[in-house]
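Fit chains B, C and D to the known structure of chain A by using the hints.
Going down the list, the sequences are from chains A, B, C and D.
First residue of the first sequence? That's 1 in the UniProt record's numbering, and the numbers climb one at a time after it.
First residue of the second sequence? That's 1 in the UniProt record's numbering, and the numbers climb one at a time after it.
First residue of the third sequence? That's 1 in the UniProt record's numbering, and the numbers climb one at a time after it.
First residue of the fourth sequence? That's 1 in the UniProt record's numbering, and the numbers climb one at a time after it.
If you're looking for bench data, these hints aren't it; they were derived computationally from the structure.
None of the values given here were measured: they were computed from a predicted structure.
Incorrect hints may have been included.
Copies of the same chain look alike in the list, so a pair counts if it works inside one copy or between any two.
Stated by the list, open to error - Keeping only pairs whose Cα atoms sit at most 25 Å apart, straight-line, the calculated SDA-like set for lysine to any residue is: (1) 207 - 229; (2) 255 - 136; (3) 379 - 298; (4) 379 - 485; (5) 255 - 455; (6) 360 - 209; (7) 207 - 345; (8) 207 - 341; (9) 480 - 119; (10) 15 - 305; (11) 485 - 433; (12) 207 - 433; (13) 379 - 209; (14) 480 - 432; (15) 485 - 172; (16) 15 - 208; (17) 485 - 114; (18) 190 - 228; (19) 362 - 429; (20) 190 - 360; (21) 207 - 228; (22) 480 - 357.
What follows is the residue order along each chain.
Protein chains: 4
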Amino acid sequence: MSKLMPPAHPFDDDKLHEECGIFGVVGVTDAANFVALGLHALQHRGQEAGGIVSHDAEQGFNSARRFGYVRDNFTSQSLMKTLPGPLAIGHVRYSTAGSKGPTQIRDVQPFFGEFSMGGAAIAHNGNITNADALRRELIERGSIFQSSSDSECIIHLMARSLQRNIPERMEDALRRVEGAFSVVAMTRTKLIGVRDPLGVRPLVLGKIGDGWCLSSETCALDIIGAEFVREIDPGEMVVITADGVESVRPFRPRKPRFCIFEHVYFSRPDSILGGRSVYETRRQIGVELAREAPVDADLVCPVPDSGTPAAIGFSQESGIPYAMGIIRNQYMGRTFIEPTEQIRNMGVRLKLNVNRALIKGKRVILVDDSVVRGTTSRKIKEMILDAGAAEVHFRIASPPTAWPCFYGVDTPQREKLLAATMSEDEMRDHLQVDSLRFISLDGLYRAVGEDKGRNPSQPQYCDACFSGEYPVEPSDMIEKGFRLKAAE
Amino acid sequence: MSKLMPPAHPFDDDKLHEECGIFGVVGVTDAANFVALGLHALQHRGQEAGGIVSHDAEQGFNSARRFGYVRDNFTSQSLMKTLPGPLAIGHVRYSTAGSKGPTQIRDVQPFFGEFSMGGAAIAHNGNITNADALRRELIERGSIFQSSSDSECIIHLMARSLQRNIPERMEDALRRVEGAFSVVAMTRTKLIGVRDPLGVRPLVLGKIGDGWCLSSETCALDIIGAEFVREIDPGEMVVITADGVESVRPFRPRKPRFCIFEHVYFSRPDSILGGRSVYETRRQIGVELAREAPVDADLVCPVPDSGTPAAIGFSQESGIPYAMGIIRNQYMGRTFIEPTEQIRNMGVRLKLNVNRALIKGKRVILVDDSVVRGTTSRKIKEMILDAGAAEVHFRIASPPTAWPCFYGVDTPQREKLLAATMSEDEMRDHLQVDSLRFISLDGLYRAVGEDKGRNPSQPQYCDACFSGEYPVEPSDMIEKGFRLKAAE
Amino acid sequence: MSKLMPPAHPFDDDKLHEECGIFGVVGVTDAANFVALGLHALQHRGQEAGGIVSHDAEQGFNSARRFGYVRDNFTSQSLMKTLPGPLAIGHVRYSTAGSKGPTQIRDVQPFFGEFSMGGAAIAHNGNITNADALRRELIERGSIFQSSSDSECIIHLMARSLQRNIPERMEDALRRVEGAFSVVAMTRTKLIGVRDPLGVRPLVLGKIGDGWCLSSETCALDIIGAEFVREIDPGEMVVITADGVESVRPFRPRKPRFCIFEHVYFSRPDSILGGRSVYETRRQIGVELAREAPVDADLVCPVPDSGTPAAIGFSQESGIPYAMGIIRNQYMGRTFIEPTEQIRNMGVRLKLNVNRALIKGKRVILVDDSVVRGTTSRKIKEMILDAGAAEVHFRIASPPTAWPCFYGVDTPQREKLLAATMSEDEMRDHLQVDSLRFISLDGLYRAVGEDKGRNPSQPQYCDACFSGEYPVEPSDMIEKGFRLKAAE
Amino acid sequence: MSKLMPPAHPFDDDKLHEECGIFGVVGVTDAANFVALGLHALQHRGQEAGGIVSHDAEQGFNSARRFGYVRDNFTSQSLMKTLPGPLAIGHVRYSTAGSKGPTQIRDVQPFFGEFSMGGAAIAHNGNITNADALRRELIERGSIFQSSSDSECIIHLMARSLQRNIPERMEDALRRVEGAFSVVAMTRTKLIGVRDPLGVRPLVLGKIGDGWCLSSETCALDIIGAEFVREIDPGEMVVITADGVESVRPFRPRKPRFCIFEHVYFSRPDSILGGRSVYETRRQIGVELAREAPVDADLVCPVPDSGTPAAIGFSQESGIPYAMGIIRNQYMGRTFIEPTEQIRNMGVRLKLNVNRALIKGKRVILVDDSVVRGTTSRKIKEMILDAGAAEVHFRIASPPTAWPCFYGVDTPQREKLLAATMSEDEMRDHLQVDSLRFISLDGLYRAVGEDKGRNPSQPQYCDACFSGEYPVEPSDMIEKGFRLKAAE
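Same shape as in the complex, but just chain A (with noise of 0.2 Å):
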């Protein structure tokens, strides 16, 4: 239907993009403040949209969904006293691009049912891998979709069980769908939160009072001066009114297996996954890579902000000095709207500037996080070689990156990944740098405190994305023609 905004990206950015995050509170006064501060700590999960629903004895159910970030639409007055109650849950997303078309208002989250019983908002974190053939179902027997959303199925399935009260209802849904989830779900007197059995993507409880809140993140949890209690398991379903929490398994329990991705880029560095400090994680990753990669060098420079803790460790573990080569605009935004010819060949000059008095005639190493399709690592070598850089070694945070996320990650097609078509030495003949060296697995595997290394027969994260090992089959995928590793 029709189009709302059409972002445009006058840079690829080449970065893989988390698509949401997600937070819900209960038991507070104007709970939907609340969640607006929730979800801009969560920010980076997500920047193209955000959604509220608010629940209000009297009022009862409001929801607002806007465009852009969240604090250029959650901050006032005049549209949070639209959202009163004690209770409310919130979304933050990020377009997936080229795949779908542009996002429309009606696909931002939370989405909202009507039910016999009272009516429930839910907010997804994560992709669903059976929902075209759950949507076809649907709509077969008579559901109307709004959105385009993979999400919203689970909206209908609820709709259609014939459990007697929401939380079971969402049990029943949940069972059907396949995939990665975290999900929080409100009705007019309950929050939930539920995880998926494998736990792929992150969600948190937290205290704030007398009230409770569940978050993608710790760093979340910190804005609103909530304490950090405890990850919502893997499997696990958490209903909590005012009082307390209750927790049910409605999962078959199966081996978690935590995005390891999440570790190295999605989450905040100020956010703890797992009992581990993400910076301290990201810092021991560059200590890790001077082991593995080590190389003669002047200054080691962070690509910012994504790699500056990995290369504040590679730096403490080199020797080399750390320095700042390349300085980031603090007003730069992701998208523009309608943009003139000029902005959109600027590409990453609009963002980053090299530091060239620095620079100069030095020996350079630096560390970013990933390699996607490569496209911004060429850019940036050439501003730095043009600023008179005397040598170039790139660092990456992660092995390579050959492989497509289906588990709510907005990836290029495979054939675009540069990873997957080249090996390191060719992916440095093709940005022409002097070396370029990834972390490998087990060294991640090691940084996350994995001593041993990853478990090949029993890997203890998801780490599809780089080994190709899909721990929930991509059943929609395949059907399109995608081709498992052993397939090929």
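Frame of chain A, contents of chains B, C and D only:
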């Protein structure tokens, strides 16, 4: 859910209001442009919001829904180029003040649904009298409603039909529906029009080049240069493609009961209803009124603009000069956002001003189309007397409005209708005018061409708002406590 | 400088347009609200933009200027509360199509200047015929103009006056100015009104409670409930404070020459000009026209809405029935932003529709107020013939418009005026109508109450647009090459 | 006059702020696009609003002024195509909180004036210390000011000059002006740059293809790919055309006094000032600080982002590991419109979060660039202690800020400056930290390359904010009661 545009009504204009106008066209280039023009011509049937859905072979279905006038939204290139294709339908909507709260954009038609055999959009003029019951049943069975509109039931009933094509699913759906409905709908290739068995609301067929169009009124055919072919019959469904117009009769035949108030006020004076010029009918009402209720006076003045044709007729029959005693501000719209207190108190003076020099010392006959609550009539009388009129005589071009309409017209609750609680003489005293006379029901029937007046055993029109005789039982309302005339 | 809102005129409405309406009030609470209402009543004098300046003892001067209708801007609480205080003036403005490019917000009045003795704001209706020369002189001496408006000269002349108070500075300034001007101005404590020595444009004084107001027309007094006191005399300046109205005569006395076209078209029919009802004058024009140019026909139809009073007069004098043969769409505004090609081609059909059933087979007299370029007249004639009229006779309520106005009216260049190049008979043939007759200049003077018609040696009105006799030499235009009648 | 955009500062970021950045270019196609990019790179010098004026041979001068970031306004095709031509200048502006009320669009530069020899536009960085006196004199002589900006004096002085060309008029004007000014101006054919005799604010010259550009800082040359040619000298004026750069010296020569705070905080780290890398200077400040004020601790953490280079230097000199103890939210902007109470109370937590897992139990050195009122320092200290830090030591990369700046920097009134009323030890106690040390004034001079430190008899820089020694007498402020150091 969230409230998007709370309209303020600074003055009670004290009219009954048609709730919708509908228009569709197939077989022309850029059909949506024609729909926009048609809706502009039908704007008097709904000023609050409008929507258009189009279909293009390459780009599929597109839609745009906006608050405000057609001319302020659906005239810009940038919007209209998002609505390509040779097939489009549209809808303008009036807000039903008070009862259901402010309209939200999701309540704006056309409604769209994706079925297993493809998408369909519908636009509905009228009101479904068993909508509450249908909605309860559909939700119980798993449908998720997106709007508060009664019309959304139709699309959910269609989604659940077992028929294999969309026109047959629409037949299925409409056979479950009670009340008044003229519907314009579209699939990827077909334009569909239906009128309920009583034919309460109008719907006409037009020919434009090799294409066809459907419209609430003929005045919208004129604006696009289409030729008026015929009215859609009560109980008829037409399915129009490039190959022509196919007609079916899905309902059990009944005696038609077209809304007589369309002649009095709703339709535009340049439209043709049932083969009669609306303007001429209204002029004839004035003639009948001059015969039934003559009075000695100096001037016959219309209450602009709707009283004008009847005032002309009254003047011609009585020989009393016609004059513009009240001048209407042409720059007046209907609603204000967040108006100042002073604007709120201005009332009708924002819109009408007395032609003081003309009125002073004169005996004035004011011809208005109807009296609903009497609030505006009273203010107009005060303005006229303030300007120095010697006498004020009201002549009303419709019988006393004593009953609410449940077939797609916004009417106050019965107790708010002046004629529900007062006789003609009591109303005269209440309004403090020198005389007040309504046309008789038989006089009105004569003016629309029924020379013998109304047939009490089988009335030729729906005149429930005057007579309290409802041709379709308003079952939702009865459940909510409304008492029919017989039951009083 | 930057172009803010390029308006598109989808159809040439082929009228002369008054360029401004002005209003001011002192001595009431929240004066700006009254000004907003007054400007709403004067909207017909300028629809493109409006502005209000108010003064409050605590908050000083505040101002707001907006494109669009008064009712869409100056009705909201949030805007109006930024305009506090007991003293305010305002202005509505028509854009002068073509000649000077699109209006910018900085061209919207009132204009404001900070002088050493305090601030002042002025609003001007009319046109300064020596503005170009004044502007050149002022710039040469160091003034910096902010707008392209001729009216800005007044405020710069005031800034350079050596007088010690603002009213005297205004006298100084206006003595340098040639042309037509009605001005409403304000200081921190005074409301000031001035009319040029000829009194070309109207200005009236009203009383509201303990306060006073100034307005272009009396209809704006009615809307706020003010009492009409008197017209400001040609050449008079009034300085109004809480203590009352002081009157001075700063100019050399001259014989008044009020604009006769204000009676024909510009002013609202419910206003009183020179002690005469505008409506009654227009009706009388119709009477004169029926006497001067009778014709045998079936119907007298106005071209809505401006032809209506003359059509009523024509019908009454001729005995031929009055009828609404052309229906006006009430939801039509003047301009579109970036309209589609189709909208652009629609022309007058967007606004007017023929009442086909009424017109068919009839001999129709169409009464219009004026013919400027003849473009709309031609399209209306075609619509009437398409609807099956047997004959079309045009009767025009003003003499042929053969000369441009330089006193505050937007007129096409002389060569675009139909009457500048054709005789009445040639115009009839050009428009292809059965007959075409204009009222004579003497007939028009009789209709405004000059029983002996026009005094050729000392005309009682400014009728330059008909006669080519300009009471003030248009010196800027002559410098640009305009040739006066005598010089031809 | 009317208030257009009241910005709310939800947290006091407690920094001094540069008030402006300026940029101009001549001799390139679509110069305004280059100006937009340049202003984007200078956004840190003014985030509230921006403006661009361009000149095109056919379309003359065009301008656009907008609130908000450059990237949100001056990137769209639709706006930029209204700014054609090979010559353009632009300005970004910071709002001076409190003192003068909210900025209005008419205060946004460049300012434009139409002179008898053609138009000119100017953009000014700095502050005119005798602006009040000049304004009074100009108004007395008939000038009408449009803004509250001190910079508007320049254009009025130019309008009154008797010189026959614009560059000479600008010389005339600037010789009347006292204070700090770097100016970029344009006529129809010339790009002009001027720096005041002391050279307080920066201005550099660049070459781009056959064209030239002027910029506040070199980082804006980098973004458009221009080559850095040289700094404009203090007291120099350059007049640039297609034919090249002409240099004149309109002022009496003086010893330069460049603003030393540009090195500390205002300029971007990737700019080059006086031949020195800003980043390297800041790192060196950290080195000096580590020597002057060593402390035993576990971690050196910057207060992001401005403390980062000095923290790196401190870590390198002290050997204490560098770490990101505080994480900055990248999606934080400066201001909110009408924020909720909760947002207002959040303060710095909206922007910064402590890396709790890292900080816990550690002795932390926090390196910040300055302490102004101390409000933010106190909140950061609390966040760090809440996270469990064992000790908190502040090290500040500038001397105590004890005096306001009157040369184009937004500073609080003197009594609000913490260092104006407290010694270093008192500040430490006030902030309740374990230690607090500022770099010495001599240490700062050493870091900028003056090996012998500050020359007290003839300081090499303007350091009035630290020393209270003002190189230009702030005459307007003295008239308002400001007391110089000597007078205390």
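Results of checking the hints against the structure:
Only within a single protomer do residue 207 and residue 229 lie at most 25 Å apart by alpha-carbon distance; the minimum there is 7 Å, versus 59 Å between protomers. When the C-alpha separation of residue 255 and residue 136 is checked against a cutoff of 25 Å, the pair qualifies neither within a copy, at 30 Å, nor between copies, at 43 Å. In this homomeric assembly, residue 379 and residue 298 come within 25 Å of each other (Cα to Cα) only inside a single copy, at 21 Å, whereas the closest approach across copies is 38 Å. Taking CA atoms no more than 25 Å apart as the test, residue 379 paired with residue 485 passes in neither setting, with 31 Å inside one copy and 53 Å between copies.
Taking the closest pair of Cα atoms, residue 255 and residue 455 come within 25 Å of each other only inside a single copy of the chain (13 Å); across copies the shortest separation is 71 Å, beyond that limit. Proximity of residue 360 and residue 209 under a CA criterion of 25 Å is satisfied inter-copy only: 23 Å between copies versus 54 Å inside one chain copy. Proximity of residue 207 and residue 345 under a CA criterion of 25 Å is satisfied inter-copy only: 20 Å between copies versus 48 Å inside one chain copy. For the homomeric pair residue 207 and residue 341, the shortest alpha-carbon distance between copies (22 Å) is at most 25 Å, but the shortest distance inside one copy (50 Å) is not.
Taking CA atoms no more than 25 Å apart as the test, residue 480 paired with residue 119 passes between copies only; the shortest distance there is 22 Å, against 35 Å inside one copy. In this assembly of identical chains, the alpha carbons of residue 15 and residue 305 lie at most 25 Å apart whether taken from the same copy (12 Å) or from different copies (23 Å). When the C-alpha separation of residue 485 and residue 433 is checked against a cutoff of 25 Å, the pair qualifies neither within a copy, at 30 Å, nor between copies, at 58 Å. Taking the shortest alpha-carbon separations for residue 207 and residue 433, neither the intra-copy value of 49 Å nor the inter-copy value of 29 Å comes in at or below 25 Å.
In this assembly of identical chains, residue 379 and residue 209 lie within 25 Å of each other by CA distance solely across copies; the values are 21 Å between and 49 Å within a copy. Taking the shortest alpha-carbon separations for residue 480 and residue 432, neither the intra-copy value of 36 Å nor the inter-copy value of 63 Å comes in at or below 25 Å. Taking the shortest Cα distances, residue 485 and residue 172 never come within 25 Å of each other, neither inside one copy (32 Å) nor across copies (49 Å). Proximity of residue 15 and residue 208 under a CA criterion of 25 Å is satisfied in neither setting, with 34 Å inside one chain copy and 32 Å between copies.
Taking the shortest alpha-carbon separations for residue 485 and residue 114, neither the intra-copy value of 43 Å nor the inter-copy value of 35 Å comes in at or below 25 Å. Taking the shortest alpha-carbon separations for residue 190 and residue 228, only the intra-copy value of 20 Å comes in at or below 25 Å, while the best inter-copy value is 58 Å. Taking the shortest Cα distances, residue 362 and residue 429 sit within 25 Å of each other inside one copy (21 Å), while across copies they are farther apart (44 Å). For the identical chains of this complex, residue 190 and residue 360 are neighbours neither inside a copy (60 Å) nor across copies (35 Å), given an alpha-carbon limit of 25 Å.
Within a single copy, residue 207 and residue 228 get their C-alpha atoms as close as 7 Å, which meets the 25 Å cut-off; across copies the closest is 55 Å, which misses it. Taking the shortest Cα distances, residue 480 and residue 357 never come within 25 Å of each other, neither inside one copy (51 Å) nor across copies (44 Å).
Violated hints for the displayed structure, listed by number in ascending order: 2, 4, 11, 12, 14, 15, 16, 17, 20, 22.
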